[in-house]
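Residue numbers (our numbering), protein chains in the order written: chain A, 1 to 355; chain B, 1 to 355; chain C, 1 to 396; chain D, 1 to 396.
Worth flagging that the hints you see were computed from the coordinates, not collected in a lab.
A hint or two may mislead.
Here are a few chain B residues that face chain C, going by a calculated C-beta distance under 8 Å [what the hints assert, rightly or not]: (1) Trp42; (2) Gly44; (3) Ala262; (4) Ala270; (5) Trp273; (6) His277; (7) His292.
Simulated crosslink set (DSS-like; lysine-lysine; CA at most 27 Å straight-line) [claimed, not checked]: (8) C:Lys391 <-> B:Lys239; (9) B:Lys143 <-> D:Lys264; (10) C:Lys388 <-> D:Lys179; (11) A:Lys239 <-> D:Lys391; (12) D:Lys391 <-> D:Lys181; (13) C:Lys391 <-> D:Lys345; (14) D:Lys345 <-> D:Lys264; (15) B:Lys239 <-> D:Lys388; (16) C:Lys388 <-> D:Lys388; (17) C:Lys388 <-> D:Lys391; (18) D:Lys181 <-> D:Lys388; (19) C:Lys345 <-> C:Lys181.
Keep in mind it's a predicted model, so treat the numbers as computed, not measured.
Glycine included, each C-beta is placed from N, C-alpha and C at the ideal position.
These are the residues of each chain, in order.
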Amino acid sequence: MEFGLSEEQTLLQDSVNRFLDAQVPLDRVRAFSEQPDDQDIWQGLTELGIPGLLIPESAGGVGMGCLDAALVAEALGHHVTPSTFLGTVVMAPLALAYAGADQDELLARIASGQTRVGVAVGDAVAARQDAGITSAGSRLTGKAIFAMDCPADYYLVADSRQRLFLVAADAAGLTCQGLPTIDRTRRTAELTFDATPAQLLSDDPEVFARTVDAGRVMLAADTLGAAQNMLDQAVEYAKQREQFNRPIASFQAVKHMCAEMAAELEPCRAMIWYAGHALDELPEEARLTACHAKAHLAEVGKLVAKTATEVHGGMGFTDLVGLHYWFKRIGFNRQMLGAPELVREEAARLQGLVA
Amino acid sequence: MEFGLSEEQTLLQDSVNRFLDAQVPLDRVRAFSEQPDDQDIWQGLTELGIPGLLIPESAGGVGMGCLDAALVAEALGHHVTPSTFLGTVVMAPLALAYAGADQDELLARIASGQTRVGVAVGDAVAARQDAGITSAGSRLTGKAIFAMDCPADYYLVADSRQRLFLVAADAAGLTCQGLPTIDRTRRTAELTFDATPAQLLSDDPEVFARTVDAGRVMLAADTLGAAQNMLDQAVEYAKQREQFNRPIASFQAVKHMCAEMAAELEPCRAMIWYAGHALDELPEEARLTACHAKAHLAEVGKLVAKTATEVHGGMGFTDLVGLHYWFKRIGFNRQMLGAPELVREEAARLQGLVA
Amino acid sequence: MDLSYGPEYETFRDEVRAFIETHRDQAPSSESLRSEKALAWQRLLIEHGYTARTIPEAYGGHGAQPDILKSRIIAEEFASARVNAGLGGQGISMLVPTLLEMGTEEQKQQFIPATLRGEMVWCQGYSEPGAGSDLASLRTSAVLDGDEWVINGQKIWTSTAHLADWIFCLVRTEPEAPKHKGISFLLFRMDTPGIEVRPLVDMTGIANFNEVFFTDVRVPKHQIVGQRGDGWLVANAILGHERDSLGDPNATLTRLNALTEMMKTEHVGGERLIDNPAYRDRLMKLQGRVMAMRFNDLRILSAKINNSDAHLARMIVKLQGTELRHELEGLGVDVLGELGLAYGKSPYLRDGGSWQRHYMFFLGLIIGGGTSQIQKNIISERGLGMPKEPKFEKAI
Amino acid sequence: MDLSYGPEYETFRDEVRAFIETHRDQAPSSESLRSEKALAWQRLLIEHGYTARTIPEAYGGHGAQPDILKSRIIAEEFASARVNAGLGGQGISMLVPTLLEMGTEEQKQQFIPATLRGEMVWCQGYSEPGAGSDLASLRTSAVLDGDEWVINGQKIWTSTAHLADWIFCLVRTEPEAPKHKGISFLLFRMDTPGIEVRPLVDMTGIANFNEVFFTDVRVPKHQIVGQRGDGWLVANAILGHERDSLGDPNATLTRLNALTEMMKTEHVGGERLIDNPAYRDRLMKLQGRVMAMRFNDLRILSAKINNSDAHLARMIVKLQGTELRHELEGLGVDVLGELGLAYGKSPYLRDGGSWQRHYMFFLGLIIGGGTSQIQKNIISERGLGMPKEPKFEKAI
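Chain A extracted, bound-state conformation:
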C-alpha cells in the first residue's frame, strides 16, 4: 500500500518545477501578459516530454497517466505558467483515446510539440446564452466562447449534445478571435463556425464526460499549485515584513490566517492525488472525485487567494509583487468547466440524489 507519489512521479514534478523555476520567473509571466508568446516555455516543456505525457509510447509519447499530468498541472499552477497544456496535453489526447480514434499521426505531432490543440467544450458543460454550437452531419455552426489554449492547430469542440469533434484551425468557416480574461497567463478565444467541416470523434456522452472529468482535475491541480505558492509567499512575506517593531508573522491574527490556509489546503493535495489516480484506475469513482476535486479546490482556492492577498496588505493589491497573477489564475480555474454550484449539483446527480 502506498498512497503517495512514486519516485518517478516525484522526479517528473521536480524536473518540471526546476525548469519553471529557472525559465519562468515572474518577469517571464509579466512579459507573456504583454506579449502572449509561449514558444520558449513550450519548447522547454517539450524537452521534458510534457506534450506526450498521456500519449502512448506506440504513438511517440511517454505513456504516463492522469496523476502524472495532475502533478505537472500543479507545477504549472505553482508557477502561473503561461503555456498551453489543458487542451494539447490532456483533454485532446484523452478524448482521442477514450473515443478509440485512430489518430496516431496527430498524436505523434502533439507528442513532438509541433501541434497544439485548443478546447471548446464550455457550452456543453453549462450553456450560456451568447454561444452554442450545433452540428449537422459533420459540419459545425455556431459559436464557442472562452475556448482554452487558443490559438491552436486543432480544436477539440463539443456541440450542444456533447458530441466531440476535432476541427483543423484552417477549416472553412472557422475563425478564432482572442478573448481577454482576468487571467493573463492563459489564452482564451471565441471560435465561430459556419458550416465548418469537422471530424466526429464520439457521440458517446460518456467520452465527453470523461474528457471533462480529466480537465476538471487538471484545473483543480493547477489551483492546488497556485494556492500553495500564494500561501508560501504569504508566510515568507509575513516573516520579512515588520510593523510595530516585529515581523507581522508573529501576530496571532496573521499566524492564524496562515494556519487556516494550510489547514484547508493540505488535504487538497491527497485529494488531487486520488482524483488523478482515479481517472485512470478507478472508473467507478472517477467522476465523483473529479467533481468534488474541482468544486472543493475552487472553494479552498478562493479562500487562499483572498487570505494570502490580505496577509500581503497593500502590497498584495498592487502589481509590484505580482501576487495577482496567482489570484486570477485561481479565479480562472474556478469558473471554467463548471463553477462550484453547478459541479456539486452534478456530483449529486451522479449519486442519484437529484429527483
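Given the coordinates of chain A, work out where chains B, C and D should sit on it, guided by the hints.
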C-alpha cells in the same frame, strides 16, 4: 427623523430587564429546567403589563406595538427567561386582531395574565411527515408537534391550509403531551385533535402569514438578546481568565473572535428595530423584513453561540457556567417557525424571484 | 421610530430636486477635474449650499449651520439623480477640516478657499512602503536647513499625486523622539524640485494609486500645520472621518439590485440564473445582510442627529461593509461562470465587467484604510473594552 | 499510488474476519468494563494479537512487531463488524506507552499487565480549572512529608474518574522552579483518603467528565514516574498520540452517509429533504470536504508505513476534523427543522437524537484536546515555521 427607541420604549425594556435581572438569575432558569413552573415569573411580567402589551386599551391591554414586543422578546432572550410569551402575548392577540375577531373577553383575560394561549402553527409553516391537522367544518383532527407555550388555556392552531383556529384546552378530543427539546427554558408539546371543536378565526392566508411574521420577528429578537448576552459573557470571561500569565482577552485570536461576533451582531439590533416597526407601520415591507430578520438572526446567532462557547474554553462546554442555556435557546429560535433556508426561499418568493 | 424626515426636510428635499432638475445640464459628467465646466458647477453648488455647506463663508464655503439630515438629503438626491455632487478628493474631505481645526488663520485663508473652488488640488502623503498598519513608524525625513525643510523618502498609495498641485504630508522631523511624537505635518507644492510620481498599477490592472519619491525636496519652514512633532495629532484630528465612507450600505444595495436584475435576465443551461436555487439562496443571504447594514446606517445617522450613542454600530461599518461588498461582487462573478472572467475589451462583459473588477477592488478596500485585522483590534479594544496586547521585549 | 494492501495483508484481513465471525458471540456489547465477559474477551483479543498487539509478552501484551497496516486492518474490521475491539481508556492508550518509555522495570511489571487485562482502570489527572491551554501552569501541589507525597488541589475533565482504580496525575512538586520544570508525574489509587469525585455535567446534559478534588491525599514517595520535576517531559513523551484520534474522517464518513440516508427518507413540506437544493448543496460541500480528509488520512497512514513525511497533513487533522464534524452534525439539525430540537425521550427523535447531541459534543471536541486556537498556533509555528509571539512584560 428618529431611527431608534422612544423614551417610553427604553423604559419598557429597562423595566423588564431590571425585573429579570433581579428575579430570573441563572439559578431560577436552572430550577425551571428541572421543574417547569413559571408562575412567579409570569406574575412579575404581569405586574409590568406584559401580557396586555399588544392588546388594545379598550380590551384591558396597554395597546403598544410590535416593536415594543420585540424589545420585550430581546430582554427575555437576554435572560433566557422561562416564560410563556410568543403565543400568549404576541401571536394570539395579533391573530385575533388581524382576523377582526370579536374576542374582547378573552383578550381581557389574557391581558390580566389569567389566560395563556399556546401556538401550534409549525406544520402549516413547514409540514413534517409525523404531523398535520385537517379541519372539517369547525372540527380539527390530527396532530401538531412542537407547539409552543404549552400547556395553555387555549391554543392558536393552524390547519394544513393555513386556516387559523382557536381551541380551548378542555375541548373534546384534545390532548396535550409535553415534548422535551434541547431548550429547557421553553415548553413545547404535542397536541392531538380528534374531531375537536374549534373556533375558526380566519381562513385568510394573509392573516396566518402576518401572525407568523410577528412570531418570526419575536424569535429573532429573542436571539438578539441571547446572543448579545453570550457575547457579553465571553468578553467578561476573557478579561478574567488568565492563561500564559495574561488575560486571554489580550490574545489577538480571542479579541478577533469577540470583534467578529460584535461586528455581526451589532447591525442586527437595527434590523430588529426596523422589522418590529414594520410589522405595525410598513405593511408592504413587513413580510420581507420579518423573513430576513428571522433567517439572518438565525445565522448570526449560530455563529455567536459557537464562538462565545469557544471563548469560554472547556467551561463553556460544561453546565457549570450555564452558557448552554443561551446556546440552546438560540438553537430553538433558529429551528422554529421556519429554518433559515426555508425562510430565505420564502423571501425570494415574496419578491417574485421563484419561477 | 420615526422614519420620515419631517415636513421641513421634505420641503428642503423638493428644493434640492428642483435645483437638480433645473441645472443638471450644467453639471460635468466625465470632464476633467480642471475643466471650466467642473469649476463653474462647483461654484454654483457652493453658492446654493450643496457642497462645502457648513464651511464658513469667510473661507469660501456656504456658511450654513450643520444639519446632518440636510446633508444626507443632498447626498441622496444627487446620487439618485446621478448628477455630479461637487468636487471631492482628499483636499476637500481631509485637509480642509484639518486646517479648520488646526491651521493658522493665514493657512486657512491661503488654502481653504482655493481648495474649495477646485483651483488647488491636493494629495495625501501618509502611508509608506514600510509604514502601513503601523503608520507612525514612517521614515520620510524632513531636516531643517536654514529656513527650509529638506525632505527625503517615499510615500505610497497617494491616489491623486499625478493630478495634485499640493501635498499634505507626514514627515519625521524629530528622529530622537518617541515615534508618535517625532512627526510633523507639512504642506508643499507638488512641482517642487526633487519630487517624482510613479503610477502604481493594482490588481485590477488600473493605476488607481501612485508612489511618490522625495529627493532633497526643499520646503519653506512655515509650511507646517501645528507645531514640530505634533503631526500625529494633526493627522488624527480628522482621520476617523475617512473610514466612514468605506463600506457604504447604500452603494451595496444598488449593487445588490443590479445583481438581482442580472440574475433575472442572464441564463445558464437554458435556465435563468435566479432559478438556480443555490445561487438564489446565496443572493437571499446577502440581501439579509445588506438589509441589516442599511438599517444600521439609519441608526448611525439618527444617532448623529439626536446625539445618542451608536459607537459600536459605527465602528463595525468598514469591516462588515467592505467584506459584504466583496462577497456580493464575488457572487456576481460566480453566477456568470466563464463570463465572469471576461475583462478588458471583451465583448462578453456583463455590466461593463464591473463584477470581476469590483471583486478585486473591494478586496483592496478590505485591506486599505485599516485592514480587517486592524479593524478587529479596534472593535475589540475600543468597542468591547478588551486589553491591548501586552508590551513585549524584542526577540525571544 | 497503490491502494491495495497487498496479498499478505489481504490474508491477514481474512484471518481477522474469520476470528470475528467465529467469536463474535463472546464479545461484550454494553456490559460494564468490569464484567467477566469483557475481561475474558480482552484476554482472548490479546492472545490473538488484536489488542495490546505490540506490547511485549513480558508485560502481558501480544509481543508482535509493529505493523501499521495490520493494526489498521484490525481496526477497520472490528469497526465494520461493529464488534467490541477490546478495552480502551486512558490507562491503555496513554499510561501504558508512557510507562514503556519512562517507567522503571518494577513499575512496568506492577502496572502494565493488570492494566492490559482490564483489571486496573485508570483516569488521567492533567487539566485544572485554571490550567487548560496553559497546562503547565497547573497548581495541584504535592509536598514530600517523610516517605509520602501530600497532595492538595483540583483536577477537571477526568473522564473515567468515577470508574477508575488508579490515577496518573501531574502535580507541582517544585514550586520554586520554572513552571515546566516543577511538575512531577505521580500514580496513586483513587480510593486513597482525601479524594472526592464530582460528576461534571456538560451541555449535552450528560456527565461525560468529572472534577476530582484532593485534600491532603497521602501517596507513597516511590509512586513517581521519572524524576522529581520531570513530569512535563514524562507527560509529553506520548501526548501527541491522543490528538490523532480526534476528528477521524472515517467516523465522519459514516455520519455523512447516515445524513444522506436521512435526507432521502425524511420530508418537509411534502418534499424529501434531499430535494431541497439549498440543503443538497450544503451536503455536497460537506461530501467534498470529507473526501479530502479521508484521502488525507490515507496519505498519513501511507507516510507512517513508508516513513515519509506528512507532518503538516497530520497536524491539521484535529482542527479540520472536529470543525468538519461539527458542521456536518449541524446540517443534520438544520434539515430536521423543529425535529432537530427534540431531545431526551422525545418520540420525534431521528437517529436517536444523535444530530443535536453530536452537534454539541463536537463543539466540545473543537475546544478539548487543544482548542482550535491552540491548533492554529501549532500549525503556524511548527507547520509553517512562523515565529512564536514575542515575550512580554506583565502589564501595559
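How the hints compare with the structure:
Proximity of Trp42 (chain B) to chain C is violated relative to the hint, the smallest CB-CB distance being about 29 Å (cut-off 8 Å). Interface hint at Gly44 (chain B): violated, since its Cβ lies 27 Å from the closest Cβ of chain C, which is beyond the 8 Å cut-off. Interface restraint check for Ala262 (chain B): the shortest CB-CB distance to chain C comes to about 6 Å, inside 8 Å, so the restraint holds. Hint on Ala270 (chain B) holds. Least Cβ distance to chain C is approximately 4 Å, under the 8 Å limit.
Because the closest C-beta pair between Trp273 (chain B) and chain C is about 7 Å apart, less than 8 Å, the hint holds. With a least beta-carbon distance of about 4 Å to chain C, the hint placing His277 (chain B) at the interface is held under the 8 Å criterion. A hinted interface residue such as His292 (chain B) counts as satisfied when its beta carbon comes closer than 8 Å to some beta carbon of chain C; here the least separation is about 4 Å, so the hint holds. Taking the CA atoms of Lys391 (chain C) and Lys239 (chain B), the gap is about 17 Å. The hint holds against a cut of 27 Å.
Simply put, Lys143 (chain B) and Lys264 (chain D) have alpha-carbon atoms about 23 Å apart, close enough for the 27 Å limit, and the pair holds. Of the supplied pair hints, the one linking Lys388 (chain C) and Lys179 (chain D) holds, its CA atoms being roughly 25 Å apart against a limit of 27 Å. Taking the CA atoms of Lys239 (chain A) and Lys391 (chain D), the gap is near 17 Å; set against the 27 Å cutoff, the hint holds. Restraint check for Lys391 (chain D) and Lys181 (chain D): the C-alpha separation of about 19 Å stays at or below 27 Å, so the hint holds.
Using a Cα cut-off of 27 Å, the hinted pair Lys391 (chain C) and Lys345 (chain D) is violated, with the two alpha carbons roughly 54 Å apart. Restraint check: the Cα-Cα separation between Lys345 (chain D) and Lys264 (chain D) comes to about 24 Å, which is no more than 27 Å; the hinted pair holds. Annotation: proposed proximity of Lys239 (chain B) to Lys388 (chain D) holds, straight-line Cα distance about 22 Å (limit 27 Å). Between the alpha carbons of Lys388 (chain C) and Lys388 (chain D) the distance comes to roughly 18 Å, so the proposed pair stays at or under 27 Å and holds.
Using a Cα cut-off of 27 Å, the hinted pair Lys388 (chain C) and Lys391 (chain D) holds, with the two alpha carbons roughly 15 Å apart. Of the pairs offered as hints, the one joining Lys181 (chain D) and Lys388 (chain D) holds, with about 20 Å between alpha carbons and a cut-off of 27 Å not exceeded. Proximity of Lys345 (chain C) to Lys181 (chain C) is assessed by CA-CA distance (about 50 Å); at most 27 Å being required, the pair is judged violated.
When held up to the earlier numbered hints, the structure conflicts with 1, 2, 13 and 19 and fits the remainder.
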